[in-house]
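Number of protein chains: 2
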Amino acid sequence: MKIAIVGSGALGLYYGALLQRGGEDVHFLLRSDYDAISRDGLRVFSLNGDFHLAQIKAYRESADIGTVDLVLVGLKTGANSMFSPLISPLLHDQTQILTLQNGLGNEEALAELFGAERILGGVAFLCSNRGRPGSVHHLGAGRVVMGEHVRVNDERVQTLAALFRHCTVDCRSTDDLTKSRWEKLVWNIPFNGLSALLLQSVDRLLAVPATRTLLADIMGEVIEAANGQNLRSPIPAEYAETMLTFTDNMGVYKPSMQIDREEAREMELGAIFRTPLEFGQRQGIAMARVEMLATLLEQAEQRQ
Amino acid sequence: MKIAIVGSGALGLYYGALLQRGGEDVHFLLRSDYDAISRDGLRVFSLNGDFHLAQIKAYRESADIGTVDLVLVGLKTGANSMFSPLISPLLHDQTQILTLQNGLGNEEALAELFGAERILGGVAFLCSNRGRPGSVHHLGAGRVVMGEHVRVNDERVQTLAALFRHCTVDCRSTDDLTKSRWEKLVWNIPFNGLSALLLQSVDRLLAVPATRTLLADIMGEVIEAANGQNLRSPIPAEYAETMLTFTDNMGVYKPSMQIDREEAREMELGAIFRTPLEFGQRQGIAMARVEMLATLLEQAEQRQ
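Protein chains in written order, with our numbering: chain A, 1 to 304; chain B, 305 to 608.
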């Protein structure tokens, strides 16, 4: 399958590398790593075993890739305004677009530009970082849950999930992408938000009873808003407690939004906060604490 | 009148100096400034005119002061556990105790130890800072609104307010101290809280529309809780907008809690947040945003 990786950050490089190693025809659209990867290939340092891809098809411009069968979108959501120039040159009639980006609104934005039928989404549970130019570090997890944006009862997503599995990605398909997206937000909103605001790793938040209660209260708001989104089955209230226990077991962990803030990069506040708030409001569900946290993070991001 | 100043920070030194200059017999209980003030007296740098008091009655121990007619309490509320050893040696049967401390719960704590009848409270609208040892800077305002803790229809508070006015303190008495305390909290909770959390002065908070809305929402919660406290007349909802406009006119201003956090001093989270939250809860009034802000500040105060 001819695949283009658009957004070759830690996520795009990691999954792109696994797909190429598994035998797929992968083309990487690169910016900062172009020189290093063209010269030396791509090194993956992974807890599943390190490997090196000596030959990488590297490009600076989408037009040079030509059309592909699958576009894998791994852009930071702050770059979504670049969808059109980056992706348009890659599309033929049957091209599928799979976004593995964070948060909500990415499938909708892609559908608006390129048609809803070709859009799939995936929720990636991946802990990875960029390394030196030409390398990526896989630190934990890696599962992808993928689903159709609008198509129903379609074998396409199962075929794609099987291709990912063949390439050693832990991957399953879902018939309720919306639910998977919101399930991830139940974790992302409180933990990314509070860690980024307070610059404290998740273990420190969980250690203080009042903060633990606040985390649970925020999760409760997100679960309520999720269950107003016409899911096939609701997220149970106990999911909050499950996520707290799950996170207890992560130990010292800095969520990506905390790292973004520490490194003075833009935080993904639109996809992870403002769009979910809008989706809630459309169903008449206010999330007072999530709204407050979003406002505090936006204020914290204001330059001095 | 023989007066003891207990808690000779910026507030205690400033009002103590005005009372002594006005002719009262003022005794200062001192810690860090004892040596400087014993040697050189007390310098007040004030926008109403600088002055110097060459002779100060300075003490390290309350017992050396003996009993007094009035104890003026200016301690940081974090030091309230020291009430008994600091104040007990100063009391005769008729000694009045006036607390000018921040927030809620101070009159109650004093009443518990020393009897409710002798307690008065004052809300100080004062902008002042410690300077070098032996000096205090008065930067703005200075009004005191004082009232009885439990006594009613009593001339005592009017007599005391008149004494303060005689000593050039802008002072008035109120027959509803509870209301005055909560009115100040309508400002203190959102502005001290958000400035301390985000380390941004009030003008920066007010400049962002979503944050301005959050400030107003927090004020609305405090006003609702205040109006559940059996006030003689309610605080109107419009008071929030009045406070926003009032604060617009303050320009670049750092609330005391922000300065406390920047200088790694304990923030007054009990008196300004947790006790008001308790008083609200006793009346069945939850303040979700205030609770969240308190929790965030406590978490921010956790040592690395």
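It is worth saying that the hints were derived from the structure and are not from the lab. Heads up, a few of these hints could be off.
Unchecked claim - Taking CB as the label site, the calculated pair distances span:
no., chain 1, residue 1, chain 2, residue 2, range
1, B, V512, A, E278, 27 to 37 Å
2, B, I563, A, A141, 55 to 65 Å
3, A, D248, B, D507, 32 to 42 Å
4, A, E266, B, D507, 47 to 57 Å
Stated by the list, open to error - What the simulated footprint calls covered on chain A by chain B, stretch by stretch (three residues with Cβ under 8 Å from a Cβ of chain B suffice, anywhere in the stretch; the number is not a length):
no., stretch
5, 94-100
6, 189-203
Yeah, the Cβ is synthetic: ideal placement off N, Cα and C, and Gly gets one too.
Hints, one by one, checked against the model:
Hint check: B:V512 to A:E278, Cβ distance near 19 Å, so the stated range 27 to 37 Å is violated. The given range of 55 to 65 Å is broken by B:I563 and A:A141, whose C-beta atoms sit roughly 43 Å from each other. In this structure the hint that A:D248 and B:D507 lie 32 to 42 Å apart at CB holds, the actual value being about 41 Å. A hinted range of 47 to 57 Å for the beta carbons of A:E266 and B:D507 is inconsistent with their spacing of about 24 Å.
With a cut-off of 8 Å between beta carbons, the stretch 94-100 of chain A has 0 residues touching chain B; three or more are needed, and the interface restraint is violated. Using a Cβ-Cβ cut-off of 8 Å, 4 residues of the stretch 189-203 of chain A lie near chain B, which meets the minimum of three, so the contact claim holds.
In this structure, the earlier hints numbered 1, 2, 4, 5 are contradicted, and the remaining ones agree with it.
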